[in-house]
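Kindly generate the complete structure, drawing on both the sequences and the hints.
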Amino acid sequence: MPHLIRLLPILATLALLWTVVLPAGAWAHAELVAASPADGETVHHAPPTLSLRFNEAVTTLGITLTGTTGPVALPARPVANGTTIAVRLPPFMAPGTYLASWRVVSADGHPVGGTIAFGIGEATASPAPDAPPHLALPWEWAVGAMRFALYAGFAVGAGGALFGWLVAPVPARLRRGMAWAAAGGALAALLSIGLQGALLLAADSPRILLTVEPWAVAAGTSVLWRGAVVAAALSVVAATITRTRRLPAAAAVVAAVGLALSGHAASGGAGTQALLALHALAEAFWLGAFWPLAEILAAEGPGAAPIIDRFSWLAVGAVALLLATGVTQAVLHLGSWASLVGTTHGRLILAKLLGADWLLTLAAVNRLHYTPRLRAVGSGAAGGLRRMIAVEAVVAVLVLGLTSGLTLTAPREHAAPQAPALSAPTAPSLTVTPSKAGWNRVTVTLETAPKEVWVVFANPAAHIDGLRRQMRPDGPGQWVHAGPELAVPGLWTAHIEMLVTDFDLVTLHREFTIQEPNQ
Amino acid sequence: MKPFPATAAMLPALAISALTVLAMAPPALAHVTLDRSELPADSYVRVAVRVPHGCEGAAMTGLRVRIPAELRAVKPAPKPGWTLTTVPADAPPSTTPAEAHDAGPAIKEVSWQGGNLPDAFYDEFILYIRTPAEPGPTLYFATVQECEGGKVTRWIERPEAGNERPPRPAYPVRIVPKP
Chain A
1 MPHLIRLLPI
11 LATLALLWTV
21 VLPAGAWAHA
31 ELVAASPADG
41 ETVHHAPPTL
51 SLRFNEAVTT
61 LGITLTGTTG
71 PVALPARPVA
81 NGTTIAVRLP
91 PFMAPGTYLA
101 SWRVVSADGH
111 PVGGTIAFGI
121 GEATASPAPD
131 APPHLALPWE
141 WAVGAMRFAL
151 YAGFAVGAGG
161 ALFGWLVAPV
171 PARLRRGMAW
181 AAAGGALAAL
191 LSIGLQGALL
201 LAADSPRILL
211 TVEPWAVAAG
221 TSVLWRGAVV
231 AAALSVVAAT
241 ITRTRRLPAA
251 AAVVAAVGLA
261 LSGHAASGGA
271 GTQALLALHA
281 LAEAFWLGAF
291 WPLAEILAAE
301 GPGAAPIIDR
311 FSWLAVGAVA
321 LLLATGVTQA
331 VLHLGSWASL
341 VGTTHGRLIL
351 AKLLGADWLL
361 TLAAVNRLHY
371 TPRLRAVGSG
381 AAGGLRRMIA
391 VEAVVAVLVL
401 GLTSGLTLTA
411 PREHAAPQAP
421 ALSAPTAPSL
431 TVTPSKAGWN
441 RVTVTLETAP
451 KEVWVVFANP
461 AAHIDGLRRQ
471 MRPDGPGQWV
481 HAGPELAVPG
491 LWTAHIEMLV
501 TDFDLVTLHR
511 EFTIQEPNQ
Chain B
1 MKPFPATAAM
11 LPALAISALT
21 VLAMAPPALA
31 HVTLDRSELP
41 ADSYVRVAVR
51 VPHGCEGAAM
61 TGLRVRIPAE
71 LRAVKPAPKP
81 GWTLTTVPAD
91 APPSTTPAEA
101 HDAGPAIKEV
111 SWQGGNLPDA
121 FYDEFILYIR
131 TPAEPGPTLY
141 FATVQECEGG
151 KVTRWIERPE
161 AGNERPPRPA
171 YPVRIVPKP
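From first to last, the protein sequence lines stand for chains A and B.
Numbering follows this note's numbering, in which position 477 of the first sequence is assigned residue number 477; successive positions increment by one, without gaps.
Numbering follows this note's numbering, in which position 147 of the second sequence is assigned residue number 147; successive positions increment by one, without gaps.
Treat the hints as calculated values from the structure; they're not laboratory data.
Glycine included, C-beta positions come from ideal geometry on N, C-alpha and C.
Don't take every hint at face value.
[Stated by the list, open to error] Simulated restraints on C-beta separations:
(1) B:Gly136 - A:His509: 29 to 37 Å
(2) A:Gly82 - B:Asn163: 26 to 34 Å
(3) B:Arg165 - A:Ala216: 30 to 38 Å
If you want it as structure tokens, here you go:
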């Protein structure tokens, strides 16, 4: 009892602090009062700093700057000085439109965020088509090459593990090779994180990988999760494949799930991610079987027939799954026949389809011609099968290369259909013309006649939120805003605020896609 | 000796809580709110509209408050330096004084104009209201601040599915049973 009494003052303090802390923080909001460069302003030269002034003292949670060619890395952290936040801008900023997204929290309140748009030079309409590329180094190639290494290591290592569990035990010599492949894939997954960060930073020198910056930048994206999960799973494969069969196969499945954790699939939701994981699993099983099959055929010749049969039976299922998930993903990402031939992503998918078709043909020949002859001693079918598998392996490498290229190009989601304004009777509609990064005209058609209409743009993937503009009336029921703010391609949302009376606000939400400028 | 350690422990605890209270005080509220979030039903109550800020740093020159239709009567208090006007409600004409007494507020909007409240200062605008007869409803006091430079800040948003805490809410007041 005496000990409890000693506790009482502490409990009383905690209770008092609780009552003080709990309600006070609930209603505070900082507001942006002024910015330099101002929202909507065009300056002739890149200013040395961006400063934001609020109506209260605030602490910065983060400031991100996005230009027409992608995110722009800021050389230093923002500095808070009472009610003003200032951040140094990079020394060279190409002419064009920039979006600065800020997030702050006032002394004891909610975080608040917003975005301002400003232009440098006279090119605020749209970036010059032959503007110097922002990237000093071809980081995209490095990312693509590392991704290819990852896919190859995944196919040989994880695929081999799947073969070892599902089809037949793999010869020991091969298992060591598969362990090395899986280890290499794990390393590639880890290095991809840093390379992705360097790509985002548009770094000038490969030495940046030795600093913490690109890793920290990439750590803020989903690339971190994919890299970490895949690396961990492939390491487990490498460590266990020479010893056992079930554990590396389970780790292979985890690695396939990890591959689906970032990129375009991630933005599509859990369903798209499941498609990608299944696709990766089926691909690993099929491609990862080439090496052990060739080896088993060399070692046992006609004696390999039961193994080949078992593999063929499983491979039919794997190929069906591969095709189904691949076609579904292509349909989801491309959205239209025009995109298939008209965009880089679409053409790569076509090429990959051709390669897959070629592989299927070879596999069909294997199954229909060579495999039945395998049991006949002296038919030479084993040798023929091995040669076919070698050819298939080469084609598979090409297809993997195409897949690496696919992941680097953005899928073209189809532009929102241009609803004809007059014949859209009931639903308020939003149209964006020309729906390409740069100068856009946003039109909202309403049935009601509000006093004012404001639109707030956001692009969650680019961390842009709270970009607020007032729309002007442009004919009966039509409200228009034209400007360069939609400078970043991707999926945007528009919150349309309609002031019906001075005291009544109705909000609508619409989504639309902005495509890249020169396609 | 037992009471002594307890008291000794109390002192720093009290000091910490006092400092915390002081630190938490002024910049906490940026919204236009009322001084009460719950009102008793069937009562005459004095409420204060609390204005801690102008519009994005500009001084406030006018405040308009929409009177919720559920209130049965309202009388605004004049304020020195401000011109008080009311906008009558479009209510159907009532025949008897008793009906008129229960017909609802004859005013739908109250407006204080012409003053100057700098952003750094705080002020309250008083309303004397008669609450609805039955507890239960939530009333939303929508306000509009008009400021120097033509700036306007509206506190008129209602919570909706998917946006339970809008950034510029109309202040909600619950009607609770009369004590």
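These are the hints, each one checked on the structure:
1. Evaluation of the 29 to 37 Å hint for B:Gly136 and A:His509 yields a pass: the beta carbon distance comes to about 31 Å.
2. Taking the beta carbon of each, A:Gly82 and B:Asn163 are about 31 Å apart, inside 26 to 34 Å as hinted.
3. The hint said 30 to 38 Å for the Cβ distance between B:Arg165 and A:Ala216, and at roughly 31 Å that hint holds.
Hint violations for this structure: none, all hints satisfied.
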